[in-house]
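Novice: Protein chains in written order, with our numbering: chain W, 1 to 271; chain Y, 1001 to 1310.
If you're looking for bench data, these hints aren't it; they were derived computationally from the structure. Mixed in with the good hints, there may be bad ones.
Claimed, not checked - Quick list of in silico lysine-lysine cross-link-like pairs, DSS-like style, CA-CA up to 25 Å:
1. Y:1158 with Y:1134
2. Y:1004 with Y:1063
3. W:253 with W:178
4. W:2 with Y:1310
5. W:99 with W:160
6. W:2 with Y:1188
7. Y:1297 with W:25
8. W:262 with W:160
9. W:206 with Y:1297
10. W:178 with W:137
11. W:25 with Y:1063
12. Y:1134 with W:137
13. W:99 with W:22
14. W:206 with W:224
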Amino acid sequence: MKVRTLLKKWLVSEELNQQMDKIQKPVGSLGYDPWGFNVEAAKIAGAICRPLYEKYFRVEAHGVENVPAEGPVLIIANHSGQLPLDGVLIGYAIATRKKEPRLPRAMIERFFPTVPYLGNWLNQIGAVLGDPVNCAKVLKRKEAVIVFPEGIRGSGKLYKDRYKLMRFGNGFMHLAMKYNAPIVPVGVVGCEETIPAFANIKPLAKLLGIPYAPVALPFILPAKVILHFGEPMHFESGDVTEDEITRRVESVKAAISELIDKGLNERKRLF
Amino acid sequence: MDNKPEILITGAAGALAQQVIARLRSRYRIVAVDFREQAYLGEDTSSYRIDIVKRDFEDIFRKHRIEGVIHLGRLITSEDNRMRRYNANVLGTQRLLDLCNKYQVGKVVILSTFHVYGANAYNPVPLNESAPLKAAGLTMDLVDSVELENLANIYLWKHPNLNIHILRPCNIVGPGVRNTMSTLLSSKYSPVLTGFSPMMQFIHIDDMADAIELAFIKNHPGIYNVATDDWVAYQEALVACGCIRVPLPSIPPIVPKLLSQMLGLRSFPPFLVNYFKYPVILDTRLFTQTFGFQPKKPLHDIFQYYAEQK
Chain W
1 MKVRTLLKKW
11 LVSEELNQQM
21 DKIQKPVGSL
31 GYDPWGFNVE
41 AAKIAGAICR
51 PLYEKYFRVE
61 AHGVENVPAE
71 GPVLIIANHS
81 GQLPLDGVLI
91 GYAIATRKKE
101 PRLPRAMIER
111 FFPTVPYLGN
121 WLNQIGAVLG
131 DPVNCAKVLK
141 RKEAVIVFPE
151 GIRGSGKLYK
161 DRYKLMRFGN
171 GFMHLAMKYN
181 APIVPVGVVG
191 CEETIPAFAN
201 IKPLAKLLGI
211 PYAPVALPFI
221 LPAKVILHFG
231 EPMHFESGDV
241 TEDEITRRVE
251 SVKAAISELI
261 DKGLNERKRL
271 F
Chain Y
1001 MDNKPEILIT
1011 GAAGALAQQV
1021 IARLRSRYRI
1031 VAVDFREQAY
1041 LGEDTSSYRI
1051 DIVKRDFEDI
1061 FRKHRIEGVI
1071 HLGRLITSED
1081 NRMRRYNANV
1091 LGTQRLLDLC
1101 NKYQVGKVVI
1111 LSTFHVYGAN
1121 AYNPVPLNES
1131 APLKAAGLTM
1141 DLVDSVELEN
1151 LANIYLWKHP
1161 NLNIHILRPC
1171 NIVGPGVRNT
1181 MSTLLSSKYS
1191 PVLTGFSPMM
1201 QFIHIDDMAD
1211 AIELAFIKNH
1221 PGIYNVATDD
1231 WVAYQEALVA
1241 CGCIRVPLPS
1251 IPPIVPKLLS
1261 QMLGLRSFPP
1271 FLVNYFKYPV
1281 ILDTRLFTQT
1291 FGFQPKKPLH
1301 DIFQYYAEQK
């Protein structure tokens, strides 16, 4: 497409181009994969993300090397901040690491594919609909997947509930066990402060068919973001009860909680 | 008269059927049937203009010793009204399958469509053959497509002697194809939904004819998706074909459907609007592995054909 080619020419530096070329993703003859990922669009998104990551949010990413260089892996993080900025920043951190970069897939809320432009744009940079079948198919292709098990309970929570982990779904643990995928826990600090919400107008959300309608500032604050990637956690597959699955999910939640505390202790100021 | 086994091909006047006939006529004696017109296919072919729901259709089975049937003669979603499509596609197919059973036909290939899966925002990618058929939930206008499949499925299990193959192809495109997608790619101005460009798969008519030939000859009954393992966004496909995109408002969802109805867009009918919004991507592995199918025409060649027509 002409616009995309021009944007790539204007925005994507040679260094970023080379970095992204290190990441091999199977795509068809026109640069797309079945979920809509597009190599050129991902490069443009990388170029747009760069100043946001480096200058606006001044992201510090610790332990990013804990994400294995290959094979299926689930990157499990706390979710916050009304918009999926946390997923974008985690993805950028892994895609731009010096050694063995990967471009993870983010599982997105079911609401996003229904939003004009945004749904397609998220697909083009590698996000896929957060559906267990989709996640299984991506893991089968030995890809890295970012999952926020809190879902909209996490992203839509109010500022007064910041850094309180909401209920985790168990789906990701079933998939990790089935596909023998290690889990890398990630604690995200800072995204809670990017769009602090003070109330949720539920009737309006219902009317508009959106997951939540936050009362928040109409812009994104430049909060400093700290990402802590934990050591990979391995869970054996086998016929285990749902209670045992829940216990395992709780252990991941505890690991994320520790990583969040670590980030909060390191943080000197909000902005 | 030679001793070649006789096979019946419905929808014989269509471009796809003609390709299939060209591939099979050296091995089989073709009995061609179409309700639209009598297709002239040479002296070695018996050609009939007849509707399969009519009583005299059975005479063809009495006259010829039909050993296999390739059922391509279905009304596509943009053709005729809902009732006519139901009669032709569902009741017609039922009659055909009953006759196949009565006259001990040993092999049946039925052309279905990817539309049966339904274009839904929550569709996983890719969809394999066991995915639920949600099209009927979207619109009554696709009920006949789903019912045809259900019917074929019942006969597949109830009458294993028929060796039924159900093929669910993605968008069939290329020379002579007159379905909605081919019309859109051929048009100078083609509608798109603002902010939506779902991933799509396209299969060239030559490759689809090869797939039907393979399914008929190799005979592994079952349900199969047929598509290429190559994907492109709808709007990018239009640009590659030299089309000028005409954006229609996409939200709220009722608006594009109303516009399509008011403007009488035959190639962009209201009940197919969701297919231009959400992806229906097929998992091709089962057909590829079972039949060793390898499509030959790349997307670039397909789009170049349409671009050169303008």
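Novice: Work down the list of hints and note, for each, if the structure agrees.
Specialist: Hints versus structure:
1. Y:1158 with Y:1134: holds (23 Å)
2. Y:1004 with Y:1063: holds (15 Å)
3. W:253 with W:178: Given pair residue 253 of chain W, residue 178 of chain W holds - Cα atoms ~20 Å apart, limit 25 Å.
4. W:2 with Y:1310: The hint holds at about 19 Å.
5. W:99 with W:160: violated (39 Å)
6. W:2 with Y:1188: holds (18 Å)
7. Y:1297 with W:25: Answer holds: residue 1297 of chain Y to residue 25 of chain W is near 23 Å, not above 25 Å.
8. W:262 with W:160: Since the Cα atoms of residue 262 of chain W and residue 160 of chain W sit roughly 20 Å apart, the hinted pair holds (cutoff 25 Å).
9. W:206 with Y:1297: With a Cα-Cα distance of about 47 Å, the restraint between residue 206 of chain W and residue 1297 of chain Y is violated, given a limit of 25 Å.
10. W:178 with W:137: Holds, at roughly 12 Å.
11. W:25 with Y:1063: violated (57 Å)
12. Y:1134 with W:137: holds (20 Å)
13. W:99 with W:22: It holds: about 10 Å lies between the C-alpha atoms, which stays within 25 Å.
14. W:206 with W:224: Given that 25 Å is the threshold and the Cα spacing comes to 33 Å, the pair is violated.
Going through the hint list in order, the structure does not satisfy hints 5, 9, 11, 14.
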